[in-house]
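Protein chains: 2
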Amino acid sequence: MHSLDVFFNPKSVAIVGATPKTGKVGRVILENFKRKFKGKVYAVNPKYREVLGVPSYPTLKDIPEDIDLGVIAIPAPSVPQVVRDAADKNVKGLIIISGGFSEVGEEGRKLEEEIKKIIIEYGIRVIGPNCLGVYDAFSGVDTFFLPEERMRRPVKGPIAIISQSGAFAATILDWAAPRGIGIGKAVSYGNKIDVDDIELMKYFEKDPTVKAILIYIEGLKKGQGLKFIETAREIVKSKPILILKGGKTKRGVEAAASHTAALAGTYELYKAAFKQAGIIEACGFEDLFDMAKALTTQPPAQGKRVLVLTDAGGMGVMATDALESLGLEVPELSDSIKSVLKEKLPPHCIIRNPVDLTGDATDERYKIVLDTVLPSNEVDVALVITQMQVPTLTEKIVDYIYEATKYRKPIVVCMTGSEFTEEIAKKIESKNIPVYPSPERAAKAVWALYKYNVYRTRVG
Amino acid sequence: MHSLDVFFNPKSVAIVGATPKTGKVGRVILENFKRKFKGKVYAVNPKYREVLGVPSYPTLKDIPEDIDLGVIAIPAPSVPQVVRDAADKNVKGLIIISGGFSEVGEEGRKLEEEIKKIIIEYGIRVIGPNCLGVYDAFSGVDTFFLPEERMRRPVKGPIAIISQSGAFAATILDWAAPRGIGIGKAVSYGNKIDVDDIELMKYFEKDPTVKAILIYIEGLKKGQGLKFIETAREIVKSKPILILKGGKTKRGVEAAASHTAALAGTYELYKAAFKQAGIIEACGFEDLFDMAKALTTQPPAQGKRVLVLTDAGGMGVMATDALESLGLEVPELSDSIKSVLKEKLPPHCIIRNPVDLTGDATDERYKIVLDTVLPSNEVDVALVITQMQVPTLTEKIVDYIYEATKYRKPIVVCMTGSEFTEEIAKKIESKNIPVYPSPERAAKAVWALYKYNVYRTRVG
Chain P
34 MHSLDVFFNP KSVAIVGATP KTGKVGRVIL ENFKRKFKGK VYAVNPKYRE
84 VLGVPSYPTL KDIPEDIDLG VIAIPAPSVP QVVRDAADKN VKGLIIISGG
134 FSEVGEEGRK LEEEIKKIII EYGIRVIGPN CLGVYDAFSG VDTFFLPEER
184 MRRPVKGPIA IISQSGAFAA TILDWAAPRG IGIGKAVSYG NKIDVDDIEL
234 MKYFEKDPTV KAILIYIEGL KKGQGLKFIE TAREIVKSKP ILILKGGKTK
284 RGVEAAASHT AALAGTYELY KAAFKQAGII EACGFEDLFD MAKALTTQPP
334 AQGKRVLVLT DAGGMGVMAT DALESLGLEV PELSDSIKSV LKEKLPPHCI
384 IRNPVDLTGD ATDERYKIVL DTVLPSNEVD VALVITQMQV PTLTEKIVDY
434 IYEATKYRKP IVVCMTGSEF TEEIAKKIES KNIPVYPSPE RAAKAVWALY
484 KYNVYRTRVG
Chain H
34 MHSLDVFFNP KSVAIVGATP KTGKVGRVIL ENFKRKFKGK VYAVNPKYRE
84 VLGVPSYPTL KDIPEDIDLG VIAIPAPSVP QVVRDAADKN VKGLIIISGG
134 FSEVGEEGRK LEEEIKKIII EYGIRVIGPN CLGVYDAFSG VDTFFLPEER
184 MRRPVKGPIA IISQSGAFAA TILDWAAPRG IGIGKAVSYG NKIDVDDIEL
234 MKYFEKDPTV KAILIYIEGL KKGQGLKFIE TAREIVKSKP ILILKGGKTK
284 RGVEAAASHT AALAGTYELY KAAFKQAGII EACGFEDLFD MAKALTTQPP
334 AQGKRVLVLT DAGGMGVMAT DALESLGLEV PELSDSIKSV LKEKLPPHCI
384 IRNPVDLTGD ATDERYKIVL DTVLPSNEVD VALVITQMQV PTLTEKIVDY
434 IYEATKYRKP IVVCMTGSEF TEEIAKKIES KNIPVYPSPE RAAKAVWALY
484 KYNVYRTRVG
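Taken in order, these protein sequences are the chains called P and H. Here our numbering = 1-based position in the first sequence + 33. Here our numbering = 1-based position in the second sequence + 33.
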């Protein structure tokens, strides 16, 4: 058993600071566990014998059964004593939600040091303090103390998130929920007195439910850089890591320093480090999830040659611009492929790359092009634009695109529109093919599939 | 009366090629007019005395009343005769939807020449051929021949669109509809044998319902460049023009050449021309509408100094990065402003720029900062981030942000989340304050407000 398992798959949990008082952190967390957690839950609060129907004890030590994980949501000065109790009780892991430690000054720093000593002596693992902690959609562990009506939880899925900013993690989970983005695990580690980003990356590498690791970071600790790079470089051989860096410009770095006390360090250094590590950098959180969607559903692209297939010329032009700007290629097709297409498609279709099936495109035309071009060795990936405003397209397009995945080349779809379009888009995504609303975002996803392959197959 | 008024505000319209046959262009267009157009509608089709309840005549000339606008949706070879009939009938304008002209080769080019001669002789104005024509949400003119169930129509609003690509215009209208983006007018001009982008820009300059002109273009006609620049440069003194250029890269330009026969010309030339003209360039259609939303609701930013106000540190960092990358400034606040804020805000708030109200932010804290900083001469615009996951924020935030518009400085809001967030976002937007889902997109909107002011106030 891995020592971090206790945070994601504990058998029993005690919420220290659980309370029936509305709006309090200790209440929201207890409600989270009551609703979703499959193991045993206990409250620790000397004022109550029971909190919201959950048995409550004066201290951790009073709980009559073994406790795997303790969640601490009480004022900072009282935390060291709880950590001592946890040591006595043989608790394996603690998530310390409470703030008021090194982030507020010298007094808090001392409390942190005190805790550190105890956990090292007793081998207790700790996430926090000053964090939102852990969200695990599979086990029901959820210490994010924002109530569901403000922060929705996303569906289970292949994405794991590691965030230096708690608010960012919360925002992202809430944002992802109505969009159907599947997130299995998220960690906000706060002051990271024990568990840090590097260890979490390594842990998620071994987790079979995780297909991509997404990181928000403002800065690494002093001396951590090399280890971060080396760890990531190993992990990307089996799983993609995507990163969003906060603090890139002069004023951004200063803002990050006030926010997470992130080590300044110029962005150029980080950028070079990510590249060396094989980490794919996103330029915003939408971009982060756009790329993750492709990487968790499609095979990597074995090369940079893209087939652009469209029923809307302008969208084909925009996709081509975007792909080429990203260093990808939209190669001319060979005469032999072109002559096959010319034979099978109406004469007004534009047979080059992009292939433009024009405004009376049928589902069958898409099938013809995919079946002709994808099996060839002329392209490595397909960017398929289906503007569903064209009345001759039907739902059959979903199956035709899905069937083309048999050629084992990645396919990325772009479609823009309202309800009708979104219905079809959902059906395509239910077949595990990613759909994007703009040619630029689809192109960026293709780029990620290519770039990840480069990193994945790098020697050494 | 302007000679283009006939396309947007005709009193009577004849649909040449109107038909009861399902799925046909002539039927969709007739249905559009029947449903929404406030003037008189006639069908022209020798096969029927009536089409869908609308009186039908063998030719334009047989209609017993005056016709302002003719819409032509019949095969290309029959079009010149209809244009002659229109001349005899004294029709003022024609929208020629039909394709099969210069875009298909020599034969079609000749038909186009024939039409040109007639319209010049008789002074008939023409949009098209080979186009989707005109959509006017105010008058109900709608020649976009895609049925509502495939292509929704957006609500009335201050945006006018001029598109070289018909499919792009259709896609954009459909996409805009469920997003509540207000579009008043859209024109797809196709082969532009008469009315072109330049004349449409000038027309929209004088239209009081239009607050921003959005253009999709792949290329200008030979020799048109200087006139385009000079016209735009004049217009931007009163209204912003935003452009999305298709065909920026080598392969993109080639694709555009097959699509709209756009003159190649390197993108660098276009880019320089747009700059000289004072046209704001978008890097994708989401970006185009993001910027338009700010420009149609907020005053231009008189300078580049931005106040970033947030309750989520990470989002503040990202916004600062994005603003600075775009050449804007997030200046440190003066000691006098800081001391006022320190007095009024709790000690754990981070008082610099970004101002971080932290995870227990209240509506009142936002009000305090806006009321203190905006009236000062230290910033020109505010980017306000309100992560509504914070349970201490309420709907009052809407009014507080709205009240701050009294300082006559532009305000742009960023909020990311699910239903609860989107509800509040809608309320803020109903007060004509733009809301964006990511700090990067909000920052780009701020940039547009600044950039437009530079162009608007340029001398000469």
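If you're looking for bench data, these hints aren't it; they were derived computationally from the structure. Accuracy of the hints is not assured; some may be wrong.
Pair by pair, the computed Cβ-Cβ distance ranges are [what the hints assert, rightly or not]: (1) P:ASP95 - H:PRO379: 43 to 51 Å; (2) H:ASP368 - P:PHE171: 48 to 56 Å; (3) H:ARG82 - P:GLY213: 51 to 59 Å; (4) P:VAL188 - H:PRO79: 41 to 49 Å; (5) P:GLU140 - H:SER409: 30 to 38 Å; (6) H:LEU259 - P:GLU436: 50 to 58 Å; (7) P:SER367 - H:LYS143: 32 to 40 Å; (8) H:SER291 - P:LYS459: 37 to 45 Å; (9) H:GLU397 - P:ARG142: 44 to 52 Å.
Even glycine gets a Cβ: it sits at the ideal position worked out from N, Cα and C.
Violated hints, by number in ascending order, as checked against the structure: 1, 4, 8, 9
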